[in-house]
Amino acid sequence: MDERHAEIDRLGAARWRLTLALTAAMMAIYFGFILLIAYGKALLATLLLPGLSLGILLGALVIVSAWVLTWFYVRWANRHYDAAVTRLRR
Amino acid sequence: MDTSLGEPNVHAMAGFFVFIALSLGITWWAARRTRSTDHFYAAGRSITGFQNGLALAGDYMSAASFLGIAGLVALSGFDGLIYSIGFLVGWPIVLFLVAEPLRNLGRYTFADVVAYRMRQGPVRVAAALGSLAVVAFYLIAQMVGAGNLITLLFGLRYEWAVVIVGGVMLAYVLFGGMIATTWVQIVKAVLLLGGALILALLVLLRFGFDPTALFARAAEIYGAGVLSPGRLVSDPLDAVSLGLALMFGTAGLPHILMRFYTVPDARTARTSVAYATAFIGFFYLLTFVLGFGAMVLVGQDAIRAVDRGGNMAAPLLAEAVGGTAFLGFIAAVAFATILAVVAGLTLSGAAALSHDLWVNVVRAGDAPEHEQLRVARGATVLLGVLSIALGIAFKGQNVAYMVGLAFAIAASANFPALFLSVFWRRFTTAGAQASMLTGTASALLLIYLSPAIQVDVLGNSSSPFPLRNPGLVTIPLAFVAGAVVSVARRDRRAEEMFTELEHRLHFGAEPVAPPAPAAEPAR
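For the record, the sequence lines run as chains A and B. First residue of the first sequence: 1, per our numbering; consecutive thereafter. First residue of the second sequence: 1, per our numbering; consecutive thereafter.
Be aware that a few hints might be false.
[As the list claims (entries may be wrong)] Partial list, derived from the structure: chain A residues whose beta carbon lies under 10 Å from chain B:
hint: 1; residue: L44
hint: 2; residue: L47
hint: 3; residue: W67
hint: 4; residue: A84
hint: 5; residue: R89
[Said to hold, decoys possible] Calculated Cβ distances over 10 Å to all of chain A for the following chain B residues:
hint: 6; residue: L201
hint: 7; residue: F465
hint: 8; residue: M497
[Stated by the list, open to error] Covered by chain B, per the in silico footprint, the following chain A stretches (three or more residues, Cβ under 8 Å):
hint: 9; stretch: 30-37
hint: 10; stretch: 55-64
If you are wondering where the hints come from, they were derived from the structure by calculation, not from laboratory data. Built from N, CA and C at the ideal position, the CB exists for glycine as well.
Using the sequences plus the hints, can you model the full thing?
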């Protein structure tokens, strides 16, 4: 019984560690982008191709990064977390 | 450019009536299935992950984001994209921090989770105040937007437009509850995503399906400045403050949080956010093309001539690339968009009034099912009538700050208390109350003192508080208030119950152990 509770605690801690780290990652990406807009206007204006500025590319990549972080969490949760919950349920 | 916008458009009228007929048909079908509070508030927990993903997207993609952001990009280029991106980045936060705990700990409202191990009364009252403040400001912004939009799109009188939107929305929620609301959201999301995609493809068709060719053409006409940051983000603190409110506000919007109760379990709640993030991100990427498309193919002067704020950029673009029939379709989609959003808002407001205040405070958690349903429907009528009255009362006023305000209150009043209640063992009833009340009051006060009201609405030359959005101050303040009050006086019962909460966070509402198994030795 105690072993099971200890394992539930470990699972809970692992879940918070991962979700808080991913939250921090999303915040770092987004606020990094905002600060770049505020302090790096000239850099973001750089044209990579005719019509494609670094700013537009990075903006699209912020959206893509949100997708990637989402995908990463859902994969972890569906594979590892759900399996652990099922195992610990009884 | 000549436009038929604002004149009665046969195609728009047809689209508009088809949508109303279809959605009322859905409502009739849903009404026959709405027999309990579980149906009324949570669609019988029968919605799939994919469906709820679409419905979440439908709840979130308001006319403000479709028409407003497309217009902003059309008129200011890159600066408008900053908003597109800000409205998406809250979704991963919803996934990581709130979706699964909500599903496993609550029944109908986010206050269920905050109040889980607290004294019900004080927590519910504070939570309902925060929720109702968010719903009220969001509703006013939507109703005023609806009135203006429909006047512009169809040439209908403002008051009529508000009454029609309020009346149809009321029918959905009152008779069809969450089942009808969910399916209206789904239909709307499909229409909006489909409409925006077709519009974007029609634009790209003219540029060899190369978005950079479109952006290059925009830079050729309006200067390279449209592809890089301009004046919109002049104050970095203001930009960070708005960003915080958008990011954490999404995780505190009552109508979004309520959607996680419509699915059968936490795993489905999780997948539904993933679908929603995919749809919403895709939609905001499309706004890049729509905005620059309108800038190039319609022209900034023509857009400003119809509406100074640029709100008509997307409909004008639809007319330019697809003719009057396509304009009619996009106008009907914009109308559907508003209806779906106000229905979701009204339902979440009704849940705060009836489930949180009436059932759990006035009746101390003990009210028969038929009474709960009756009160929920009464609250719905009250909110529907109120939203029509407020929509008419705010006619012609600048309500642009109200959506930002709704996000700021959601981020300060709801999110910190919700997060602390599932994360921090020492969080107490008084702490939760302090956090929610501080968040609501400080957000309201600082918005009132900000340039958004003092300068833009009241016409003063300066404002006592410098930031346009108060999130940077009010979100940390709500966390600090919750922490300080909790540390000052311990709440043993709340601490003891945290173990049960943690257990339920993982395993949901199932019984903790099978009832008295014979083989298990007594402890």
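Now the hints, each set against the structure:
no. : hint  : result
1   : L44   : holds (5 Å)
2   : L47   : holds (7 Å)
3   : W67   : holds (6 Å)
4   : A84   : holds (8 Å)
5   : R89   : holds (6 Å)
6   : L201  : holds (18 Å)
7   : F465  : holds (20 Å)
8   : M497  : holds (15 Å)
9   : 30-37 : holds (count 6)
10  : 55-64 : holds (count 7)
Violation of the numbered hints given earlier is absent; every hint is satisfied by the structure.
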